[in-house]
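Asks: Be aware that the sequence shown starts at 1, since it is given in the working numbering, and climbs by one per residue.
It should be emphasised that the hints constitute simulated quantities derived from the structure, not laboratory data.
Relax, there's no trap hidden among the hints.
In the DSSO-like style, the derived pairs of lysine-lysine whose C-alpha atoms are separated by at most 27 Å in a straight line are: (1) 364 / 279; (2) 249 / 279; (3) 113 / 84; (4) 312 / 84; (5) 84 / 32; (6) 291 / 388; (7) 388 / 364; (8) 84 / 319; (9) 291 / 279; (10) 249 / 364; (11) 291 / 249; (12) 291 / 364; (13) 312 / 113; (14) 113 / 32; (15) 319 / 32.
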Amino acid sequence: MKIKTSLCAGAALGVFAIAGAAAAQDTATAWKGAPQWTNDDVQFKVRGRILLDTVFEDVDREAGADQNFREFRGRQVFLGVEGKLNNYIAYKIEGGWVNGGSPSWDDVVLEIKPTDSTSLMFGNIKAAGLENLTSTRFTTFMDRGPFGDFGVDSYLASAVVKANGMNWTVTGAIQGDSLNSADVTAGEERIGATGRVSFAPVLTDATKVHLAASARWRDHGDESAFAYQSRPNTNFGSRYINSGAIGDKDTTFAVEGAVVHNAFSLQGEYANISVDRLKSGASAGGDPNLKVGYVFASFWPTGEMRNYDAAKGEFGRPKILNPITAGGFGGVELALRYDWADLSDAYGSASTAASRTLSQDAGKYRAWTVGVNYYPTGYVRFQANYTKGENDNPVAGRDVDVDVFQMRAQLDF
1 MKIKTSLCAG AALGVFAIAG AAAAQDTATA WKGAPQWTND DVQFKVRGRI LLDTVFEDVD
61 REAGADQNFR EFRGRQVFLG VEGKLNNYIA YKIEGGWVNG GSPSWDDVVL EIKPTDSTSL
121 MFGNIKAAGL ENLTSTRFTT FMDRGPFGDF GVDSYLASAV VKANGMNWTV TGAIQGDSLN
181 SADVTAGEER IGATGRVSFA PVLTDATKVH LAASARWRDH GDESAFAYQS RPNTNFGSRY
241 INSGAIGDKD TTFAVEGAVV HNAFSLQGEY ANISVDRLKS GASAGGDPNL KVGYVFASFW
301 PTGEMRNYDA AKGEFGRPKI LNPITAGGFG GVELALRYDW ADLSDAYGSA STAASRTLSQ
361 DAGKYRAWTV GVNYYPTGYV RFQANYTKGE NDNPVAGRDV DVDVFQMRAQ LDF
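Given the sequences, and given the hints that come with them, work out the whole structure.
Replies: What follows is the structure, given as structure tokens:
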């Protein structure tokens, strides 16, 4: 469904109404980037984020004209609220603008907690993927690369059940399309099922080890067929590897791993996507297997440690040891990343020339990214990423090399 109302106006009204009600009662106030009010089991907090990006991209084509791009933009400008009505019912809602487009929803979650260790969630929700589940506010790099583009799903209208212990989680979800997508008025919306398990076999003050696996099945229904495509580790510009809209159904198996030892961390994910290809029209052909993954290392020379939450199976806000608000320098994180994706089976398994025309950019992608993050405080971050990417596509003249330098100024609360 398309969102027609003003997200900011709605969020602002919610802020004033609930804050006014809270002020009339005996409340406690805490500061977590923004005021948080608590009254017995009731809790309320304003939330939001501002991400301002600058992007420079140089495109070197094997055939055709090279291009240079420069862009200054509001990557995300969001406002929302979160809280709980009691120990059994919680909520979170946030929306705003992405890249200057129309307003859209991000998190929209109603959570029911039958017990302390189980949750039933309904709304616009993510269900799997270590980097995907970690908020954009806390990911080490500015963008998630091909694994985030087609390896896992982002926010979808979902019903999710989750159970957890001190060092494990089990998640299951039934999912449709995003709340921001137009309704399907003449047929069936896409549907999917996702499951994930995570486990932390080592969980000490100095060392954390995360292991997880997930599976996803999807059917595109009467919506557009699934396309597997990606930009070069940025949210800006064109997608230089692209299978075309070939997926009728698909099944994905993915694994995750991360090790954090004091200031050093290593993280990676890999997925194999088995596609049931459309059996009619220009997309007819064999059923391909697609592969995508990444691995990265990070180090904090200022002594911080990535904040891993084993009870959620994801990373959270880092604790800055010497923020400028306490007279310190802040925190610095250095990172190096390698991404790869292989769509070539979508081209090679096609049975006719017409099938292959649709997938002429179904090739291989490889890229190195260097990143530097500076945190004056835990709620403010400045980032710089440089990516050198190669797109090796099967049709002559379709190879593309891309250099991307991008910077971000971020405030969240």
